[in-house]
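Enquirer: Here the sequence shown stands for residues 1360 to 1843, where the numbers follow the working numbering.
Accuracy of the hints is not assured; some may be wrong.
In silico DSSO-like links for lysine-lysine, alpha-carbon gap of 27 Å or less [unchecked claim]: (1) 1675 <-> 1606; (2) 1608 <-> 1675; (3) 1608 <-> 1580.
For each label pair, taking beta carbons as the anchor points, the in silico distance ranges come out as [claimed, not checked]: (4) 1749 <-> 1442: 49 to 55 Å; (5) 1690 <-> 1646: 30 to 36 Å; (6) 1483 <-> 1645: 54 to 60 Å; (7) 1526 <-> 1483: 31 to 37 Å; (8) 1372 <-> 1435: 21 to 27 Å; (9) 1675 <-> 1794: 36 to 42 Å; (10) 1620 <-> 1520: 43 to 49 Å.
If you are wondering where the hints come from, they were derived from the structure by calculation, not from laboratory data.
We put the CB at the ideal spot given by N, CA and C, even for glycine.
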Amino acid sequence: MTDVRLRVAPSPTGDPHVGTAYVSLFCLAFVRQQGGQFVLRLEDTDRARFRDDSEQQIYDMLHWLSLDWDEGPDKGGPYAPYRQSERLETYRPHVDKLVADGRAYYCWCTPDRLQEMREDQQKRKVPTGYDRLCYGKTREERAELPGASDAAVVRMLIPDDVSLVFDDVIRGEVHAPRPDDQVILKADGFPTYHLAVVVDDHLMGITHVVRGEEWISSTPKHLLLFDWLGWDRPAFAHMPLLRNTDKSKISKRKNPAARLTWFREVGYLPEALVNFLDLLGYSLPSGEEIFTFAEMSASFDWSRVNTVGPVFDLDKLGWLNGHYLRALAEDDLVRRMLPFLQTAGLLGAEATPEQRAALAAAVPLIQTRMALLTEAPGLLRFLLVEEDDFVVDPAAAEKSLVGAEPVLTAAVTALEPVETWDTEHIQAALDAALLDGGLGLKRGKAYAPIRAAVCGSSVSPPLPESLALLGKDRTLRRLRAAGV
1360 MTDVRLRVAP SPTGDPHVGT AYVSLFCLAF VRQQGGQFVL RLEDTDRARF RDDSEQQIYD
1420 MLHWLSLDWD EGPDKGGPYA PYRQSERLET YRPHVDKLVA DGRAYYCWCT PDRLQEMRED
1480 QQKRKVPTGY DRLCYGKTRE ERAELPGASD AAVVRMLIPD DVSLVFDDVI RGEVHAPRPD
1540 DQVILKADGF PTYHLAVVVD DHLMGITHVV RGEEWISSTP KHLLLFDWLG WDRPAFAHMP
1600 LLRNTDKSKI SKRKNPAARL TWFREVGYLP EALVNFLDLL GYSLPSGEEI FTFAEMSASF
1660 DWSRVNTVGP VFDLDKLGWL NGHYLRALAE DDLVRRMLPF LQTAGLLGAE ATPEQRAALA
1720 AAVPLIQTRM ALLTEAPGLL RFLLVEEDDF VVDPAAAEKS LVGAEPVLTA AVTALEPVET
1780 WDTEHIQAAL DAALLDGGLG LKRGKAYAPI RAAVCGSSVS PPLPESLALL GKDRTLRRLR
1840 AAGV
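The whole structure should be built from the sequences, with the hints applied where relevant.
Expert: What follows is the structure in structure tokens.
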């Protein structure tokens, strides 16, 4: 029995796309169920868009999601190298064979000539595609005609009887549009995606090609290349495209959520994102919406993959993220909050034992109030900021401190004699001074100016608990400063 081997093959041309994680997740679920291998291959032949830092970002983000691979550029493996730019000598012999067999031909048309050809086809409302001006001609013969270039590309010669139907692991029988005479080798000697992906998938023993449904139209070309080169075809599985709420394809130009790094930047948990991506294309037999990667892998069946393009619903992701945040152990939540608190300047490169203790004490107050890790600095600033740097947010001051001197004065008077500085005694003292036995205020109205004065904003953890964490001296100092 042939070992199951699947791959993900992103292009290092910018921030990793969320689709890379989406496809990796489904590949890995199947691979782990089947005891096969998962390969990371970098398709870096698009040198015009190549970005130096993108490769490391791909590694970092897949590791962040715990979508680990068995072979790849950083790990090596029996089919190395795993960067297409390091495999260039691999492709040319196959191009030469296709040309020698009459399956491909040289094309010397300039970009301007190709553009004019397309515009003319569009005006005449005929299908666009290469008109085979170069087919059957030598370089010298083509040079005598207009729009000739010195450098040639190589094109496939698509036969008239090309099969446009193929079997898809997810979709069953699929009908694809007729392909054009695809360029398979560019003028700079680099292969195009269509040639390189076929050669690499064969030489690396890939048994299942899993990719987005936008590649359905290219599959007949790829199947031709497998057949012409005398190679067994892999199985194909085309995943539904992730879509914006307007049903358009999710893209980095239109939606920040298309950038995989965005989810980490704004404070989502990786396990929440994995669960969310699972749900976009898969359902457990039990119908449960919250499940782990291990549970998905154990039950994995391609027939359960949804073929309808799922809408990228960030509200649903937010709900999942809240669930996973609330499920974290206190020390784990502290660990995950630290980078965001450090970025906000509330902690140094290393949190002190005192700061860690303060954070641990604050976790029960904020864990149920957070939707994203990026909310931690706003909720904890009052506790971690140096006193000389403490300021009240102007909007909170205007809303809650204007005309609040009587409340602040009463709060100071009530809190000064409190000897046991804990939540119970703080709340009792404030309620006695500000509610029916004192100023006759409702608790929300009474606490608002105190919250603004002491926490610096209109939003904080529960007020008596916040004051208990902050300490008596700092609480009274801030109240007095705000009441001046």
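Enquirer: Please go over all the hints and tell whether each is borne out by the structure.
Expert: Each hint tested on the structure:
no.: 1; hint: 1675 <-> 1606; result: holds, 16 Å
no.: 2; hint: 1608 <-> 1675; result: holds, 18 Å
no.: 3; hint: 1608 <-> 1580; result: holds, 23 Å
no.: 4; hint: 1749 <-> 1442: 49 to 55 Å; result: holds, 51 Å
no.: 5; hint: 1690 <-> 1646: 30 to 36 Å; result: holds, 33 Å
no.: 6; hint: 1483 <-> 1645: 54 to 60 Å; result: holds, 56 Å
no.: 7; hint: 1526 <-> 1483: 31 to 37 Å; result: holds, 36 Å
no.: 8; hint: 1372 <-> 1435: 21 to 27 Å; result: holds, 23 Å
no.: 9; hint: 1675 <-> 1794: 36 to 42 Å; result: holds, 41 Å
no.: 10; hint: 1620 <-> 1520: 43 to 49 Å; result: holds, 46 Å
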